[in-house]
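Just so you know, we're using full-length UniProt numbering here: the sequence shown kicks off at 1 and counts up by one.
Pairs of lysine-lysine, DSSO-like flavour, derived with a Cα cap of 30 Å:
hint, residue 1, residue 2
1, K36, K20
2, K42, K116
3, K112, K36
4, K36, K116
5, K138, K30
6, K116, K30
7, K30, K20
8, K138, K42
9, K138, K36
10, K138, K21
11, K21, K36
12, K138, K20
13, K107, K42
Just so you know, these hints were derived from the structure itself, not from any lab.
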Amino acid sequence: MEALRGQLAETQGALTERDKKFRQLRAEQKVWLENKSTLEAKIARLESENMRLQRTPPTPDDKPSKSEASTHHTTESLKMFLTRKSTEHRFTLNGQRDADEEDVTLKRSQVKQAEKQFQQMAGELAERTNQCDALTAKLAQANPTSTLN
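Start from the sequences and build out the full structure, keeping to the hints where you can.
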């Protein structure tokens, strides 16, 4: 009888540990999914901002919309780059002109910096996606009977 009690205690201990690990992995997965969705939203915002800037350059009196309000701080320097004239490495964006018929110019270094930032963010998203997938796989291994939302 003592042997059975010992086996039962051991089994319950292992089951408790497995449940703890499952809960921990589930919490980690939730955090990674939140981070992934945040990064995807940032990338989508940057892509839409990039497309908007390529189509129509902003004028100095442009007011940011509610969706742009959160990115106002990060895009302020880019807007300044677009409206400021520089003498080094100028080029126009697709030959477009604003309402005052002024050329919109960017330095090559500024374009490279924006592209580098975008690539960095895309790489970080890919890395987080891989980590999220790995956690999902671990979670599926830890508790094969559960279903993920």
